[in-house]
Amino acid sequence: MTLPTEKRTLLTIITEAIVEPTLLRDLDRLGVRGYTVSDARGRGSRGVRDAAWDEAANIRIEVICPRPLAEEVLRHLQARYYANYAMVTFLAEIEVLRPEKF
Amino acid sequence: MTLPTEKRTLLTIITEAIVEPTLLRDLDRLGVRGYTVSDARGRGSRGVRDAAWDEAANIRIEVICPRPLAEEVLRHLQARYYANYAMVTFLAEIEVLRPEKF
Amino acid sequence: MTLPTEKRTLLTIITEAIVEPTLLRDLDRLGVRGYTVSDARGRGSRGVRDAAWDEAANIRIEVICPRPLAEEVLRHLQARYYANYAMVTFLAEIEVLRPEKF
Amino acid sequence: MTALDPVILFFLFGLTAGLLRSELKLPAALYESLSVFLLLAIGLKGGQGLATQPLAPLIPQIGAVILLGAAQTLIGFVVLRSMGRFSRADAAATAAHYGSVSVATFAVAVAWLGARHIDFEPQMSILLAIMEILAILVGIVLARGVSRDTDWRALGHEAFLGKGVTLLLGGMAIGWAAGPEGLAPVKGLFFDLFKGVLALFLLEMGLIVSRQVGELKRRGIFLIAFGLGMPLLSALLGLGTGLLLDLSVGGLTLLATLAASASYIAVPAAMRIAVPEANPAISLAGALGVTFPFNILVGIPLYHGLAMQLAGTAP
Amino acid sequence: MTALDPVILFFLFGLTAGLLRSELKLPAALYESLSVFLLLAIGLKGGQGLATQPLAPLIPQIGAVILLGAAQTLIGFVVLRSMGRFSRADAAATAAHYGSVSVATFAVAVAWLGARHIDFEPQMSILLAIMEILAILVGIVLARGVSRDTDWRALGHEAFLGKGVTLLLGGMAIGWAAGPEGLAPVKGLFFDLFKGVLALFLLEMGLIVSRQVGELKRRGIFLIAFGLGMPLLSALLGLGTGLLLDLSVGGLTLLATLAASASYIAVPAAMRIAVPEANPAISLAGALGVTFPFNILVGIPLYHGLAMQLAGTAP
Amino acid sequence: MTALDPVILFFLFGLTAGLLRSELKLPAALYESLSVFLLLAIGLKGGQGLATQPLAPLIPQIGAVILLGAAQTLIGFVVLRSMGRFSRADAAATAAHYGSVSVATFAVAVAWLGARHIDFEPQMSILLAIMEILAILVGIVLARGVSRDTDWRALGHEAFLGKGVTLLLGGMAIGWAAGPEGLAPVKGLFFDLFKGVLALFLLEMGLIVSRQVGELKRRGIFLIAFGLGMPLLSALLGLGTGLLLDLSVGGLTLLATLAASASYIAVPAAMRIAVPEANPAISLAGALGVTFPFNILVGIPLYHGLAMQLAGTAP
Ligand SMILES: Nc1ncnc2c1ncn2[C@@H]1O[C@H](COP(=O)(O)O)[C@@H](O)[C@H]1O
Ligand SMILES: Nc1ncnc2c1ncn2[C@@H]1O[C@H](COP(=O)(O)O)[C@@H](O)[C@H]1O
Ligand SMILES: Nc1ncnc2c1ncn2[C@@H]1O[C@H](COP(=O)(O)O)[C@@H](O)[C@H]1O
Ligand code: NA
Ligand code: NA
Ligand code: NA
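Protein chains in written order, with the numbering used here: chain A, 1 to 102; chain B, 103 to 204; chain C, 205 to 306; chain D, 307 to 621; chain E, 622 to 936; chain F, 937 to 1251.
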């Protein structure tokens, strides 16, 4: 018997650690029901961010939600953060078991 | 020449850091050949878990395996952990190079 | 209005922390435009790597890029690292907003 | 009359910063390192004391605190079930917290006595470890009943080889084997910096306690009443036990403090695995949000006052 | 004639290792822990000094440094806009860095004075906190203008409850409440180890400074000139203010150092959120890559020399 | 007759806890911080000693330990290839571990001598750094042969600018520039806490060593024999070299200990990159699982006894 999974979208945001509180407040406001954050470092168009100190640290935020909400969040990030912050975002299709949760 | 990749399932589990040893033992028992763990924090239906101390820390476990095994693990998690622990799980389709490894 | 996303490939590499500098130099050389690194631990065919000290720590590298470049990187990893290092890699399809960035 | 101990001021500072939602946050690795340090230091101090005296009198004392811890856990369980209408799991888990001990509270009491040059028996650290081990076992049995398939090996591992107990017992073994002279070279780290480290640790404790306020508001008055009443009752049981064991005033104060204190590290972790259906937020809100601040701010001087009266040495 | 302070040697070591691309890297948690320690220790020292003297003279001093900080920020802004042709956002953000203060620079100056047994007024730590708070506010106002929808609550939170200010003020409150005697038990950690911890911290600072070199090369001569000229001008303003306030030679030196120093922790974080269109690499390259090394290597002795001349106590 | 040093007791405690599968685990950032501290402290101590004496005699000593390290690595290589039937890569990598040195072992020996008030030459820390650098180079050459496309720059970077060597040399440079008086302000941290920090570090070492047991069981008797025999042979070579250099008894003991010790930090990391086909588990099981405990438990007193006999000062 296969499990009754349902499709959702996984939105991943990689950005500067310094915006964590502001960004999480934005997510709350946009109606996201949950998120997961982990610490990261990296390189991109804004140079090397090696997490040696807070200024140069990245975070990696994951949000599981319905596709329309993911797109709304993306639109907000594009308007509010893309121009001025080191930020990369991407969407992936995933399957979850408890669709009412996300 | 494209690479001869094969499909597998990536099962991601986000849950309380405190269950790490128990959960990893369960994975072993279910026949999982490998896993990757990283530290995380987050918010969900059980509130904010900000990793300020062990009690409030999350982990993020990834398991690459064939779809049937992923579903078996999910069924076990559902039976044994969903009711009592902060836990989120999801499945994604991925491609690997060495299918015999997973 | 749906967002104008485009498909890219997400290459994830899980390997020994000790190769981080060498591996990142290789990625640069292969023409990768960015990457994200986070700390991890795990278990696989080369045993338990529990990150208690540097020798036993893993990292998790993510690279968003076009599929052909992802395959080129994979081919390099296969030739140069697979035989001698604890390493797992996988590819996933994702969507990004700014295709020119990746 | 006496000013507040600086370690208490650090706690109040952390609490205030947390309540004002300051961005202050200590790195998790620092918090863990400080707690490793405190557990080792307490073990070393106890162990070096034991090295200079016979071990025989320990046996009745160990027996007595086992009874004390078990009694506390059972009383807590009954009160929470009957008066608090807690589920069996919640009552057992919470009672196990109160039957166990808090190393931070113990450390504050040790510092408090030290500042007043009041001696105490070195074996108090052993009794600390014993009460910590015991409450985990009793709590699990209360929640589960003892069925055929109880995995006693896993349970014993959980109780005896948890991080806190390992560090306490290891520190004690080292202190005992090295003796006061042998420890001299590491004194600069483990003893001279003890209070400073404790102060930093209590700063973080204040931050953590400040996060329990939400849960306390949600749970209402019973949890607060239990969090205040239970330590008082336990302290009296502890004082009684201490009198039977003929402890000094310092020893009485510490045993009362141990009895009154509630675990917030080892027991929560063990209960989370062994009694998963218990809600950890409740026990933590009580142990951390009410009992811990009560004990370090009010309890310790109070228990010391009672100890002096009972020992007939009131000033 | 006098050898270099070991804390300076640690800085130079870190800088050299970084420039040679050594693999040396301190764990991020260690760096954070050291900075928590330094902020608390500076607060405690200041607070215990305040405990032994009347607080009334503080009021004019606080007023004076508010003016001093605001003046510095405005001067910096004008120079960067006109001579540096910086965008409004970049000019405001960079000026805010220079109107604020660097705790590490202050700590080096305190250690420098301590090694020479030169006393100073304990309230310098309060002035430090005030200048840190103020520059954040002024910087934001400069960049944004004061519009109707300025979120003053969020702004105040940012300024008063950031990590650094919380630790400074908390340490000061504890030091003030406990007084020198009350702090005795935690002296072993917070005071006796101060210079050693500062040395380790400066090792990491050296590594961080070494990474600013690339940006400095890209930005060219103006940023370097500003990074050297601004602290000199600010130090003179600081000395002037200190003379008006009738500070001792030690106090003059410290106020000049405070004025000359540029923030690289609190202000960058605040500006990143409040003025996101400013490029943080520019301000950091100036504050960290030029001004910080200049102040600790050349500035402090220079400001002390000037302070002695102005106070008429040249040796 | 003399009790075990407390640092050794900490090691045994960690080992026991690990073998019993206790949940004890130190935060990785603490382990790293402790090792930064030890490397700096050893460098500082050596450097301040050098500040008070002429540097000329160093030159023959450096030459001698280069020969010593190279000889050890070659002997190890031949033994492992012929008697152990190791692959060329495994033999070269393992030999490089034994030709190099272990800073933790050196630190235990320094503490052991210190506790017995036995002096030694300050340049031992320089010799430590030299042997660490050299073995990496020799090991790579052994594994690879010297081909046209050897990347000597990368190799030199690896050897000279690794974390451990950087900290040792940097500490030495600071100690040398500041001298004993200059270091006084940071003495409270780096010297007074040295043994306590070493004890904590050895606790973690015990935990790490306990994890080598599985690999040792798998590899069988030859690796254990090599792990015991190689340090004994190396110690004799070290003693011989020390006699030629006319070292004091303390210096002889330390040089024998250095020779006998096997690297488990810098060399494994370098070999993993430079000789990836070597299996790191084998070398670590030998160096950490056998040689490290042997040296700190049995070796150091033994080498000291031999040193006294050879120097004709047996008690
Ligand atoms: N192509 C990429 N693949 C994976 N991560 C990336 C990529 N580009 C950038 N990043 C991450 O996103 C952060 C910000 O990127 P950027 O805004 O391009 O500087 C970097 O520090 C990396 O951690
Ligand atoms: N929608 C979500 N997206 C991503 N992570 C989530 C989400 N919901 C919950 N989580 C993570 O899963 C943990 C447990 O979730 P919960 O059981 O809902 O409290 C949280 O602490 C988060 O780290
Ligand atoms: N099936 C798997 N799923 C997820 N992660 C894995 C898996 N197998 C191995 N890993 C990770 O990859 C690392 C190296 O794997 P290996 O080369 O098999 O030892 C391990 O330490 C794990 O972190
Ligand atoms: Na109790
Ligand atoms: Na300034
Ligand atoms: Na050696």
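Keep in mind the hints are simulated off the structure, nothing from the lab.
C-beta: ideal position from N, C-alpha, C; glycine also.
Among the clues, some could well be false.
Computed list of lysine-lysine pairs in DSS-like fashion (alpha-carbon distance at most 30 Å, straight line) [claimed, not checked]:
(1) A:K101 with B:K203
(2) E:K808 with F:K1123
(3) E:K838 with C:K305
(4) A:K7 with B:K203
(5) A:K101 with C:K305
(6) F:K1153 with E:K646
(7) C:K305 with B:K203
(8) D:K493 with F:K961
(9) E:K838 with D:K493
(10) F:K1153 with D:K331
(11) E:K808 with D:K493
(12) D:K493 with F:K1153
(13) B:K109 with C:K211
(14) B:K109 with A:K101
(15) A:K101 with C:K211
(16) E:K838 with D:K331
(17) C:K305 with B:K109
(18) D:K523 with A:K101
Derived CB-CB ranges, DEER-like [to be verified]:
(19) A:G47 with F:E959: 36 to 42 Å
(20) F:L1180 with B:K203: 53 to 59 Å
(21) E:R839 with B:K203: 17 to 23 Å
(22) B:K203 with F:K1153: 50 to 56 Å
Violated constraints from the hint list, given by number and in increasing order: 1, 5, 6, 7, 9, 10, 12, 16, 21 and 22
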